[in-house]
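Number of protein chains: 2
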Amino acid sequence: MTGNCVGETERPELGATRRATAEDPESMDVALRSRAEALDATDPLRAFRDRFVIDDPDLVYLDGNSLGRLPKATVQRLSLLIRDEWGGELVRAWDHWLDEPARIGELIGLNLLGARPDETIVSDSTTVNLYKLAAAALDARPARTTIVAAADEFPTDRYVLEGLAESRGLTIRWLTGDAVEGLPPGELAAVIDESVALVVLSLVNYRSGSVADLPAVTARAHDAGALILWDLSHAVGATPIELEAGGADLAVGCTYKYLNGGPGAPAFLYVRQSLQPELRTPIQGWFGQRDQFAMGPRYDPRPGIRAWLAGTPGMLALAAVEEGVKLTAEAGIEAIRAKGMTLTEFAIELLDERLSPLGCTLGSPRDPARRGAQVSFRHPDARRLTAELIARGVVPDFREPDSIRFGLPPLTTRFADVAAGVDAMAELLA
Amino acid sequence: MTGNCVGETERPELGATRRATAEDPESMDVALRSRAEALDATDPLRAFRDRFVIDDPDLVYLDGNSLGRLPKATVQRLSLLIRDEWGGELVRAWDHWLDEPARIGELIGLNLLGARPDETIVSDSTTVNLYKLAAAALDARPARTTIVAAADEFPTDRYVLEGLAESRGLTIRWLTGDAVEGLPPGELAAVIDESVALVVLSLVNYRSGSVADLPAVTARAHDAGALILWDLSHAVGATPIELEAGGADLAVGCTYKYLNGGPGAPAFLYVRQSLQPELRTPIQGWFGQRDQFAMGPRYDPRPGIRAWLAGTPGMLALAAVEEGVKLTAEAGIEAIRAKGMTLTEFAIELLDERLSPLGCTLGSPRDPARRGAQVSFRHPDARRLTAELIARGVVPDFREPDSIRFGLPPLTTRFADVAAGVDAMAELLA
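Residue numbers (the numbering used here), protein chains in the order written: chain A, 275 to 704; chain B, 275 to 704.
Every clue listed holds true.
Identical chains share a label here; the pair holds if one copy fits it or two copies do between them.
Straight-line alpha carbon distances no greater than 20 Å define the calculated EDC-like cross-link-like pairs of lysine to aspartate or glutamate that follow:
(1) Lys346 x Glu363
(2) Lys600 x Asp373
(3) Lys600 x Glu374
If you're looking for bench data, these hints aren't it; they were derived computationally from the structure. Here the structure is a predicted model, which is why all the values come from computation and not from measurement.
Whenever a hint applies, use it, and build me the whole structure from the sequences.
In structure tokens, the structure reads:
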């Protein structure tokens with residue numbers, strides 16, 4: 275199946291086949307396999323898996339939220355870029371390469387972020403983009419003395435903010451939230467005040483997969499006159515995002531997870547159009563210069579989102595990003611979201627049946643609307659278990675202190691992978 | 275010929291064959307061709323050209339100082355990295371990828387920069403690295419109020435410094451130098467004083483190719499208690515560099531020019547070991563964190579140069595950098611420098627004979643010791659001439675206001691390319 279799948283997203287019924295029980299392990303394996311097969315057979319996105327390189331069909335890959343799989347189209351595209359463009363066109367290829375960061379940014383912004391034109395670029399790493407935007411936001415609120423962020427935010431976000439706060443003499447107010455459910459609705463409202471310059475938050479938490487309420491949290495930040503910066507790394511390509519409708523100010527996100535852009539692929543950066551005249555990147559590079567090749571004596575930023583480019587963009591990585599984004603757009607984010615919810619529901623059902631009796635607890639929200647395309651299982655031996663799973667060809671990942679993450683990118687994950695992953699965990703724990 | 279060529283670097287005698295004159299154009303072409311052929315025949319590095327992809331043998335490529343050619347080894351390496359590592363190993367490849375930025379940095383530092391171990395990494399763009407180092411240097415000299423830089427410095431360097439100066443209320447003192455000869459020996463000494471926190475300078479100027487005196491300029495900066503940051507973008511891989519012996523503090527440089535790392539390849543960054551405890555990156559990312567996967571609550575930088583990593587490194591681009599660096603190291607920087615001097619001498623000889631009578635002047639130093647592996651020709655119609663040359667399959671580049679740059683990377687440039695380039699210019703101007 276190719277073509278846009280929006281409209282074909284009815285979710286297969288869960289639990290329709292006979293349930294196995296822990297008392298009846300023989301029948302369980304058979305029943306489990308047949309349930310997974312039935313779900314895979316009715317999966318409207320199932321054909322997308324064939325669009326990716328799958329060297330080892332027996333590998334149970336549950337870590338696409340760390341590094342997404344390689345699209346077949348990317349192999350072709352990179353071969354052309356390397357041999358024909360770099361090798362053949364040489365420097366002349368810059369005539370068509372120059373605008374790629376903004377063109378591919380636009381593709382992400384319009385298809386996956388609910389952004390308007392000229393609000394998104396692909397450039398640098400998530401860390402560097404977060405630094406650029408957070409520094410600019412703090413510059414724009416010079417009289418305010420506080421940053422608000424989540425205590426269980428992804429580490430690079432926390433470390434960047436810590437550095438900015440230290441160099442400027444600011445305070446960080448850490449939201450404690452809930453390790454499983456994420457930020458309670460009232461917590462931001464309770465801590466925010468007019469000393470806050472900037473709120474930084476992930477839309478989907480990296481450990482639990484909990485989803486924040488973007489419009490509500492954004493509104494609370496704005497009530498206090500603060501700017502808000504969303505980290506979309508674990509959300510983009512897994513769940514619909516509406517930056518414009520939700521009133522978001524700034525965003526960054528990663529392209530090597532659900533967007534399948536490749537190891538260390540460049541990140542994207544979003545600045546709401548109405549804020550663009552007010553904010554200025556701290557890293558003024560020549561790719562942000564209005565008349566770049568005039569090489570004039572003073573920095574004069576380009577209009578729009580291109581002002582946020584810094585150095586020369588890496589073209590190999592950019593081309594890889596585009597192919598992953600195009601596949602995601604082709605499948606349609608609504609269909610992807612629907613499958614992500616079904617995959618994670620299936621995983622939780624299996625946890626309840628098979629892993630809870632063995633000492634595992636759920637590390638993700640039970641409400642599918644509050645959960646990204648990942649499920650975390652908590653167990654005191656999670657680190658050792660993860661290593662043993664990997665040794666058996668089942669690849670989730672471990673996150674401190676006690677979480678095994680099953681990342682379930684809907685374009686490449688089968689229900690059979692979820693079943694095999696849980697089955698392997700149950701065997702190890704039994 | 276493979277193997278290290280140091281010791282085989284005797285420079286072919288120039289002018290040994292009969293000189294053509296402008297009065298005798300027919301014989302000139304023949305004579306010019308035979309001189310170039312004789313020089314190519316005795317070039318000890320001539321076999322290295324076969325190690326690169328050359329799709330169009332008639333293309334006269336004189337812009338390897340903007341984008342170096344594609345090594346054949348890189349095609350193979352990237353194919354393995356994309357298909358087998360990303361496609362096959364998936365996230366498990368990070369076990370061996372994690373240390374690549376420091377390992378490949380070390381390869382550059384030890385072979386090409388005269389650095390000690392643990393002083394060089396490959397990370398981010400030249401622009402971002404320059405920002406990180408300049409910001410850290412200014413933080414380390416908080417009582418000082420001035421930055422010194424060259425007025426004809428490469429634009430991204432000037433723009434980065436302008437941004438840093440503006441945000442900190444500092445002044446930039448611009449060295450005027452000489453458009454052709456570069457910085458006169460006394461100019462820095464004349465302007466520097468104890469208000470200066472940081473001096474930023476390119477070792478090889480991007481437009482003229484003039485080479486600065488690294489030990490002497492560094493000593494002048496240190497006399498005033500300032501730190502110095504060298505931009506090695508147009509020097510690395512073209513000329514020997516001795517950062518440790520010259521006393522340099524900080525350096526950045528580009529890998530997509532003479533190191534053939536590919537379009538927008540990541541840059542390198544050097545911090546002298548003795549300075550490492552004193553300086554701190556402004557961009558505190560998770561790749562700079564001591565125990566990265568503990569994901570601890572506070573930033574605790576890794577010891578050594580790895581503290582300067584920020585976000586997740588782009589692995590495709592890093593692998594490409596390594597192959598280019600290995601070729602350069604295999605050829606040997608002394609042999610590369612010797613050929614670079616001979617190539618540029620040949621170009622200047624042809625300028626004097628054939629282009630000076632047609633209104634061209636030399637835009638690079640006449641002393642080969644003061645010149646990188648490029649020659650600039652100045653002409654009032656340089657922009658139009660460059661476009662017409664490119665249309666004829668001769669690819670130099672234009673730099674404002676009036677320079678045509680012939681970039682002559684010694685591993686890939688033939689004397690025949692220089693002759694053909696000058697011949698085409700002479701025809702267009704005649």
